[in-house]
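There are 2 protein chains.
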Amino acid sequence: MGPAPIPVREPKVVTHIVDERTRTLQKPSSAIITAIQADPKADLRRERSNASFASRELAALMVGGEANLVLREKIAAAVRADPVFSKKGKYFMERSELYRTTLEKYLALPKLAVSMGEKDPIAVGRIIRELIDEPGGLDLHLGMFIPTIQGQGDKEQQKHWMPMCTRLQIIGTYAQTELGHGTYIRGLETTATYDAEKEEFIVHSPTLTSTKWWPGGMGKTATHAVVMARLVTAGKDLGPHAFIVQIRRNEDHQTMPGVTAGDIGPKMGYNAVDNGFLRFDHVRVPRRAMLMKHSKVDPDGTYHPPPVAKAAYGTMVFVRSDIVMNAALYMKKAVTIAMRYNLVRRQSNPGGEKSNGSHGQKGLELQVIDYQHSQRSLFPVLARAFAFHCTSDYMRRMYFRYEKTSRVDGDYSALPELHATSSGLKAYCSWATKDAIELCRLCCGGQGFMALAGFGSTFGNYAPNATYEGDNNVLCLQTARYLLKVARAVAAAGRGKGG
Amino acid sequence: MGPAPIPVREPKVVTHIVDERTRTLQKPSSAIITAIQADPKADLRRERSNASFASRELAALMVGGEANLVLREKIAAAVRADPVFSKKGKYFMERSELYRTTLEKYLALPKLAVSMGEKDPIAVGRIIRELIDEPGGLDLHLGMFIPTIQGQGDKEQQKHWMPMCTRLQIIGTYAQTELGHGTYIRGLETTATYDAEKEEFIVHSPTLTSTKWWPGGMGKTATHAVVMARLVTAGKDLGPHAFIVQIRRNEDHQTMPGVTAGDIGPKMGYNAVDNGFLRFDHVRVPRRAMLMKHSKVDPDGTYHPPPVAKAAYGTMVFVRSDIVMNAALYMKKAVTIAMRYNLVRRQSNPGGEKSNGSHGQKGLELQVIDYQHSQRSLFPVLARAFAFHCTSDYMRRMYFRYEKTSRVDGDYSALPELHATSSGLKAYCSWATKDAIELCRLCCGGQGFMALAGFGSTFGNYAPNATYEGDNNVLCLQTARYLLKVARAVAAAGRGKGG
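Each protein sequence line maps, in turn, to chains P and A. Under full-length UniProt numbering, the first residue of the first sequence is numbered 1, with each subsequent residue one higher. Under full-length UniProt numbering, the first residue of the second sequence is numbered 1, with each subsequent residue one higher.
What the hints contain is simulated information worked out from the structure, not anything from laboratory work. Honestly, I wouldn't trust all of these hints.
What the hints assert, rightly or not - The calculated DSS-like cross-link candidates involving lysine-lysine, where the alpha carbons are at most 27 Å apart (straight line), are:
1. Lys27(P) - Lys198(A)
2. Lys236(P) - Lys27(A)
3. Lys220(A) - Lys88(P)
4. Lys296(A) - Lys27(P)
5. Lys90(P) - Lys220(A)
6. Lys88(A) - Lys220(P)
7. Lys220(P) - Lys90(A)
8. Lys27(A) - Lys296(P)
9. Lys198(P) - Lys27(A)
10. Lys404(A) - Lys159(A)
11. Lys90(P) - Lys90(A)
Because the structure is a prediction, the values reported are computed rather than measured.
Using the sequences provided together with the hints, build the complete structure.
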């Protein structure tokens with residue numbers, strides 16, 4: 001006799017009643033299961049108390065001292081207390097909602113940063129941004145638009161644009177990559193043709209492939225953009241230069257006449273950011289829309305090349321040092337999730353079920369961290385998280401030293417080494433971090449695959465670091481070229497000495 | 001003088017008029033850009049016509065002959081013609097819509113498969129499933145529920161359940177993994193306690209960690225489940241056995257009394273599948289709900305262990321050979337996207353801008369495929385796609401040979417090698433494929449990151465293969481153990497001969 005066939009109609013509401021006899025029968029079975037149960041919270045507490053070093057001292061060391069650590073805790077508490085920064089439901093949101101709520105966080109950031117009453121609200125803002133932990137529609141405004149104006153605008157241009165930028169009266173993005181060209185910047189096809197009679201540039205997208213593609217914030221958020229376009233004056237193509245162009249009206253946020261812009265669609269990650277496209281139909285901008293700290297165009301169209309050929313590389317180096325810093329941040333996040341899970345998760349006991357599980361009663365399964373495979377996977381990532389932290393600190397200091405000597409003394413001699421170092425580190429750290437996030441996920445078994453574990457979004461949000469701001473493979477070649485050049489110079493000097 | 005300040009009010013509607021003078025000024029600039037433009041379609045045509053082999057012959061070889069290739073083309077045309085199978089808008093859908101439209105495709109599958117008028121509609125259905133190219137809510141019904149009934153149900157049970165399964169009168173899933181245990185199956189905590197008086201089992205979830213977690217289709221789709229639970233009869237814990245339990249009512253799809261079930265939430269991929277959770281509160285099922293091909297429980301509670309200890313491993317081996325086959329499929333898909341893009345994408349020309357670009361006019365940029373880095377990345381993936389194709393064919397034949405000898409002759413001697421081979425191949429192929437998809441994405445630069453490129457969903461949908469059906473690291477150890485055992489046996493035999 002097989003099981004009863006499925007009834008065709010079932011009663012609409014059924015109360016589930018469990019009788020005493022059934023409960024009595026179940027009890028011994030449940031006892032078999034509950035006889036040996038670990039307490040994950042106790043596991044975590046014990047592991048923490050077993051540390052062979054003062055963890056608070058280490059934390060203080062990493063953020064530059066106890067005072068900074070206290071400040072961070074104060075900021076974290078304030079962020080936690082403000083519902084606008086809540087991450088609740090984040091993994092369940094569709095894209096438009098994720099975009100909106102993330103933007104709200106960035107818009108609430110300045111007020112909170114100022115309200116903390118610290119001397120340096122910018123530094124406080126940076127910590128809040130770290131805690132928001134999601135790239136948003138304002139990222140390019142903060143990370144590329146403002147630094148480009150500061151790095152490539154002359155004093156007058158900075159004075160004009162910066163107050164509007166910091167008050168968020170305008171929101172900018174950085175439009176360099178096109179549908180047809182990314183890594184090969186000289187191939188960009190957008191043109192800016194100078195009209196000496198009107199003292200204006202005509203910004204134009206002459207081909208489909210000249211469409212600007214990817215700028216973060218371009219989809220919806222931005223009102224302005226730094227547009228990299230080939231400067232053409234007196235019939236001569238002078239290569240890519242930076243121009244500030246208004247994209248949307250402040251009044252109603254509609255695109256400006258002659259401008260077509262929108263969102264490029266969903267991505268593997270970064271979905272809180274409205275990466276966009278941008279096209280120009282003979283759009284006129286004033287001569288002074290060109291950022292003129294390094295190169296200049298006179299009213300009559302005369303072009304003045306930059307006094308130092310690669311002076312504009314500074315911004316690029318700054319952004320790459322940012323990527324190295326982010327590598328450390330993302331690595332720390334991923335390895336923290338994975339380590340904690342590997343401490344509280346117990347699975348099997350190859351020593352026999354009756355043998356002593358790690359730190360516990362007889363018969364307990366082993367904590368996953370006690371398996372060699374888990375240690376071999378996670379400990380190097382943990383070590384690397386610390387190493388990347390120190391490396392990014394070093395890289396950042398190296399940049400600020402250069403920034404000062406180049407600005408104050410006009411000394412650009414540190415640029416080649418800085419450029420080679422930041423290129424190589426950007427490539428190495430972004431690859432290593434991307435792979436480490438995926439390894440940490442795999443170390444969490446099935447649970448690592450759930451959105452709530454955080455690995456999917458962490459990977460998706462970090463992954464583009466291997467591609468943008470210079471494809472990693474190309475950057476490796478640039479660093480290698482520099483190293484060979486230095487090696488050759490050393491060899492030549494050696495020969496000189498010997499001769 | 002800086003640029004004009006931003007006007008406070010702008011007119012609501014502005015017609016963008018480009019005067020003749022502006023057009024005339026722009027023309028020479030546009031000419032600079034359009035002078036050298038490649039035609040991606042021509043590039044692709046030329047590359048295809050340059051093949052040194054008959055590509056149709058290769059395609060036929062891979063699907064088992066020209067007749068099969070023609071059939072595939074016929075099926076593909078039918079799928080393309082039926083709007084229910086359309087992939088339009090897929091990457092823009094939120095999860096519930098993706099779930100619904102994917103389920104609609106699976107529900108339309110049987111009708112289309114039968115309508116093709118072929119001798120083997122099951123084989124046709126398999127090809128349609130390949131073309132749907134998205135795991136769906138019916139996957140576990142087709143890939144685990146039915147095979148488990150066929151592999152572990154006795155003749156009577158198969159006769160009872162199979163017709164309902166194939167007519168989709170019931171939809172099943174396979175509930176093995178729990179919140180607390182995945183790889184370590186003996187640690188499962190759900191119990192099935194036999195009540196000899198009523199000839200029923202009491203299925204119960206005694207702990208939080210005993211909650212079934214992950215079954216595909218459990219969130220919404222399934223009415224039934226094969227539940228792996230520890231069989232307890234006469235007070236003895238006999239380890240995990242398979243039981244068919246009704247989860248939802250056929251009438252209104254509400255959960256059955258004593259059953260709690262739902263969706264576990266969003267994941268890194270696989271979001272068209274409603275992976276779910278499942279708990280039992282003293283749920284009674286008839287004695288014959290236990291699948292009894294291998295082990296049995298008599299009405300009086302007497303337990304009969306399986307005649308061959310590991311006979312039930314067959315289903316597991318079958319599913320792993322499926323994963324190897326999928327590895328080949330996913331690898332082919334990823335490398336096809338990447339190869340095509342690397343053929344039509346042109347970027348830079350390190351030989352100097354005036355040198356001859358690959359296959360084209362002077363000054364053209366190089367096709368990316370002509371860079372060593374692209375070839376070194378993609379050619380091994382392409383080769384591996386073919387190798388995995390052949391490997392999965394071999395693995396599948398090996399399984400069917402075993403399936404026949406074990407079923408017809410009761411000969412299980414091929415099982416150890418089959419188990420070791422399928423474990424090792426599952427681990428190797430799923431890791432290699434996961435990494436290859438990511439490598440292919442990186443070879444497509446920024447565009448690879450867009451959802452529309454297909455890598456994100458391909459990676460997300462394939463990634464769990466490294467974890468489910470046995471974590472890869474554990475499977476590697478199992479294969480290694482088998483190899484050492486064989487090596488030891490060979491060594492012992494050698495010593496025997498020598499002595």
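We went through each hint and held it up to the structure:
Restraint check for Lys27(P) and Lys198(A): satisfied, since their Cα atoms lie roughly 17 Å apart, inside the 27 Å limit. Between Lys236(P) and Lys27(A) the alpha-carbon distance is near 13 Å, which keeps this suggested pair within the 27 Å criterion. Distance hint between Lys220(A) and Lys88(P) is fulfilled; the C-alpha atoms sit about 24 Å from each other, no more than 27 Å. Between the alpha carbons of Lys296(A) and Lys27(P) the distance comes to roughly 23 Å, so the proposed pair stays at or under 27 Å and holds.
Of the pairs offered as hints, the one joining Lys90(P) and Lys220(A) holds, with about 22 Å between alpha carbons and a cut-off of 27 Å not exceeded. Restraint check: the Cα-Cα separation between Lys88(A) and Lys220(P) comes to about 24 Å, which is no more than 27 Å; the hinted pair holds. Only pairs whose Cα atoms come within 27 Å are accepted, and Lys220(P) paired with Lys90(A) is accepted, the gap being roughly 22 Å. Proposed proximity of Lys27(A) and Lys296(P) is supported: the alpha carbons are some 23 Å apart, at most 27 Å.
Among the hinted pairs, Lys198(P) with Lys27(A) is consistent with the structure: their alpha-carbon atoms are about 17 Å apart, no more than 27 Å. Taken as a hint, the Lys404(A) and Lys159(A) pair is honoured in the structure, with Cα atoms around 20 Å apart against an allowance of 27 Å. Of the supplied pair hints, the one linking Lys90(P) and Lys90(A) holds, its CA atoms being roughly 21 Å apart against a limit of 27 Å.
Violation of the numbered hints given earlier is absent; every hint is satisfied by the structure.
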